[in-house]
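Q: So the protein lines, in turn, are chains U and W.
For the first sequence, my numbering gives the first residue as 1, with consecutive numbering after it.
For the second sequence, my numbering gives the first residue as 1, with consecutive numbering after it.
Check the hints yourself; a few may be wrong.
Unchecked claim - Derived pair list, reagent style DMTMM-like, types lysine to aspartate or glutamate, alpha-carbon separation capped at 20 angstroms:
| id | chain 1 | residue 1 | chain 2 | residue 2 |
| --- | --- | --- | --- | --- |
| 1 | U | Lys46 | U | Glu109 |
| 2 | W | Lys111 | W | Glu30 |
| 3 | W | Lys36 | W | Asp147 |
| 4 | U | Lys93 | W | Glu210 |
| 5 | U | Lys46 | W | Glu189 |
| 6 | U | Lys182 | U | Glu98 |
| 7 | U | Lys53 | U | Asp65 |
| 8 | U | Lys94 | W | Glu210 |
| 9 | U | Lys94 | U | Glu142 |
| 10 | U | Lys93 | W | Glu98 |
| 11 | W | Lys87 | W | Glu77 |
| 12 | U | Lys130 | U | Glu98 |
| 13 | U | Lys94 | W | Glu189 |
| 14 | U | Lys130 | U | Glu92 |
| 15 | W | Lys111 | W | Asp40 |
Think of the hints as simulated: they come from the structure by calculation, not from any bench.
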Amino acid sequence: MISLKGASKQYTKHSVGIENVNLHVDAGEFVSVVGQSGTGKTTLVKLLIAEEKPTSGVVEIGGWDISRISQQDIPLLRRQIGVIFQDFKLLEKKTVEENVAFALQVAGESPRRIRDVVPRVLDIVGLGHKVERYPNQLSGGEQQRVAIARALVHRPKILVADEPTGNLDAINTHEIMEILKKINDFGTTIMLVTHNREIVNQLRKRVITLHGGKIVVDEEQGKYQL
Amino acid sequence: MSLSFMTVLILVLMLLSVNTLIIVQALTEEAVQNVKEQIDVSVYFQNDVTEEEILEVRSYVDSFPEVTEVTYIETDEVLAQFRETHKENPDILASLDELGENPLGPTMIIKTREPGEYENIITALGVPEYEHIIEAKTFADTEKAIDKIGIITKQVEQAVLVLSILFTVIAFFVIFNTIRVAIYTQRIEIGIKKLVGATNWFVRGPYIVESILFSLFSMVFAGVIIWFAIQFLDPYIAVILDSQQFLTNYFRSNILVLVGSQFFAVLALTIITSGLAMRRYLRV
Numbered sequence: 001m002i003s004l005k006g007a008s009k010q011y012t013k014h015s016v017g018i019e020n021v022n023l024h025v026d027a028g029e030f031v032s033v034v035g036q037s038g039t040g041k042t043t044l045v046k047l048l049i050a051e052e053k054p055t056s057g058v059v060e061i062g063g064w065d066i067s068r069i070s071q072q073d074i075p076l077l078r079r080q081i082g083v084i085f086q087d088f089k090l091l092e093k094k095t096v097e098e099n100v101a102f103a104l105q106v107a108g109e110s111p112r113r114i115r116d117v118v119p120r121v122l123d124i125v126g127l128g129h130k131v132e133r134y135p136n137q138l139s140g141g142e143q144q145r146v147a148i149a150r151a152l153v154h155r156p157k158i159l160v161a162d163e164p165t166g167n168l169d170a171i172n173t174h175e176i177m178e179i180l181k182k183i184n185d186f187g188t189t190i191m192l193v194t195h196n197r198e199i200v201n202q203l204r205k206r207v208i209t210l211h212g213g214k215i216v217v218d219e220e221q222g223k224y225q226l
Numbered sequence: 001m002s003l004s005f006m007t008v009l010i011l012v013l014m015l016l017s018v019n020t021l022i023i024v025q026a027l028t029e030e031a032v033q034n035v036k037e038q039i040d041v042s043v044y045f046q047n048d049v050t051e052e053e054i055l056e057v058r059s060y061v062d063s064f065p066e067v068t069e070v071t072y073i074e075t076d077e078v079l080a081q082f083r084e085t086h087k088e089n090p091d092i093l094a095s096l097d098e099l100g101e102n103p104l105g106p107t108m109i110i111k112t113r114e115p116g117e118y119e120n121i122i123t124a125l126g127v128p129e130y131e132h133i134i135e136a137k138t139f140a141d142t143e144k145a146i147d148k149i150g151i152i153t154k155q156v157e158q159a160v161l162v163l164s165i166l167f168t169v170i171a172f173f174v175i176f177n178t179i180r181v182a183i184y185t186q187r188i189e190i191g192i193k194k195l196v197g198a199t200n201w202f203v204r205g206p207y208i209v210e211s212i213l214f215s216l217f218s219m220v221f222a223g224v225i226i227w228f229a230i231q232f233l234d235p236y237i238a239v240i241l242d243s244q245q246f247l248t249n250y251f252r253s254n255i256l257v258l259v260g261s262q263f264f265a266v267l268a269l270t271i272i273t274s275g276l277a278m279r280r281y282l283r284v
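The whole structure should be built from the sequences, with the hints applied where relevant.
A: Here you go:
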């Protein structure tokens with residue numbers, strides 16, 4: 001499902017994102033990637049969504065080879081992988097409903113299908129009653145739930161979550177993690193990038209620890225250890 | 001677009017500048033044409049010239065391709081015109097009466113396509129076989145005026161060209177920066193759209209529609225202002241050029257070319273500038 005073979009990303013001579021990373025994630029896994037700031041977590045996410053290309057090595061996700069992907073194919077890749085971010089990345093001028101619908105519109109889905117899918121996905125994340133609200137009228141937790149709904153509309157086989165609870169309080173963090181676990185239970189592979197010790201330890205799932213751009217620990221049912 | 005008003009305003013100002021240049025050029029061309037039409041070569045024949053000799057000169061002059069019109073005025077008519085010109089000068093009229101006979105010979109007025117071509121005609125008429133029948137040629141008097149018109153026309157055309165290039169360059173940079181600032185304010189939105197799987201063309205689409213709307217609005221606004229301006233200017237121009245509704249007729253007869261070329265130029269300018277300004281934000 002996700003595979004990195006000797007993957008490196010070097011920005012400048014002295015700035016290394018990741019270095020010679022070998023990693024394999026199977027379908028349906030829930031993997032947490034932890035590490036201090038500047039250890040390559042964000043680079044890893046950027047490589048997985050083709051925002052960056054590896055300097056060397058191979059990065060494969062859902063059948064796509066990121067090192068060889070063309071500019072035309074990048075939008076297709078992004079429609080098949082759900083991504084959520086720490087800063088939610090919602091369109092401020094669009095309502096909750098419009099934000100979720102937008103992900104389907106860019107894929108050329110019919111208005112009928114959009115009208116059918118969007119309310120159902122918003123119900124799953126518990127925002128069916130706030131469809132007309134704008135992002136700035138929602139709490140942080142609610143905004144992240146909109147982002148999750150948007151990531152789910154394409155029924156992705158992989159969901160990449162880059163510090164999804166970084167801006168949330170304990171209660172909202174718990175709610176978001178429950179939603180992510182539920183999504184994983186339905187069979188979606190989840191790669192969670194975080195530095196939240198508590199949630200990683202509670203998950204009792206696979207944990208990959210990055211340090212200096214390299215994988216230093218890769219444990220099944222691991223714990224947050226730095 | 002938050003700076004849409006500024007963008008339309010700059011486009012309107014650019015269109016007004018360009019159309020001002022078009023008006024200046026049209027007026028210059030018309031004025032020069034008017035002056036050119038007033039310039040001709042008058043060939044005064046000797047009093048004793050025969051009809052055959054005049055016809056021979058006429059057919060000789062007609063054979064030149066640059067000659068557009070040859071008018072022959074008989075002696076009686078020349079005298080009548082002379083009397084009309086000097087009707088307020090009794091001394092000249094009295095002298096004429098004193099002579100008892102018509103002292104003026106027939107006259108031939110020649111017009112050419114361009115003022116510069118008069119010299120060829122004058123040179124051609126300077127041949128020895130016509131020396132005894134042609135008394136005078138008035139070209140020398142107008143030669144300086146013709147030269148001056150030539151210089152002025154060339155200078156005006158050069159100035160208009162330089163100003164047109166200058167305005168286009170200024171307009172390009174002003175519009176480029178206006179649109180760049182507008183797109184900079186939307187860079188986050190563009191990035192988000194790309195991250196959820198939008199293609200470059202899907203992101204560009206609304207900006208292209210905006211560019212078409214900006215072009216349409218600016219054309220309409222500029223068109224209304226220009227229409228009022230030419231309605232105001234036409235009566236004044238009629239006095240100078242002796243041509244009623246000159247600018248109205250000029251714009252009416254060239255409406256398709258003027259509107260079409262300016263609309264597509266503005267559209268290309270806005271689409272190209274927004275494309276250039278957006279390029280870096282599409283690399284997500």
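Q: Could you run down the list of hints and mark each one as holding or not?
A: Evaluated hints:
1. U:Lys46 / U:Glu109: violated, 26 angstroms
2. W:Lys111 / W:Glu30: Status holds; Cα separation ~18 angstroms.
3. W:Lys36 / W:Asp147: Status holds; Cα separation ~11 angstroms.
4. U:Lys93 / W:Glu210: Since the Cα atoms of Lys93 (chain U) and Glu210 (chain W) sit roughly 17 angstroms apart, the hinted pair holds (cutoff 20 angstroms).
5. U:Lys46 / W:Glu189: Holds, at roughly 18 angstroms.
6. U:Lys182 / U:Glu98: violated, 24 angstroms
7. U:Lys53 / U:Asp65: The hint holds at about 10 angstroms.
8. U:Lys94 / W:Glu210: holds, 18 angstroms
9. U:Lys94 / U:Glu142: At roughly 15 angstroms apart (the allowed maximum being 20 angstroms), Glu142 (chain U) and Lys94 (chain U) satisfy the hint.
10. U:Lys93 / W:Glu98: violated, 99 angstroms
11. W:Lys87 / W:Glu77: Distance ~15 angstroms between Lys87 (chain W) and Glu77 (chain W) Cα, so the pair holds.
12. U:Lys130 / U:Glu98: Given that 20 angstroms is the threshold and the Cα spacing comes to 12 angstroms, the pair holds.
13. U:Lys94 / W:Glu189: Answer holds: Lys94 (chain U) to Glu189 (chain W) is near 11 angstroms, not above 20 angstroms.
14. U:Lys130 / U:Glu92: holds, 15 angstroms
15. W:Lys111 / W:Asp40: holds, 5 angstroms
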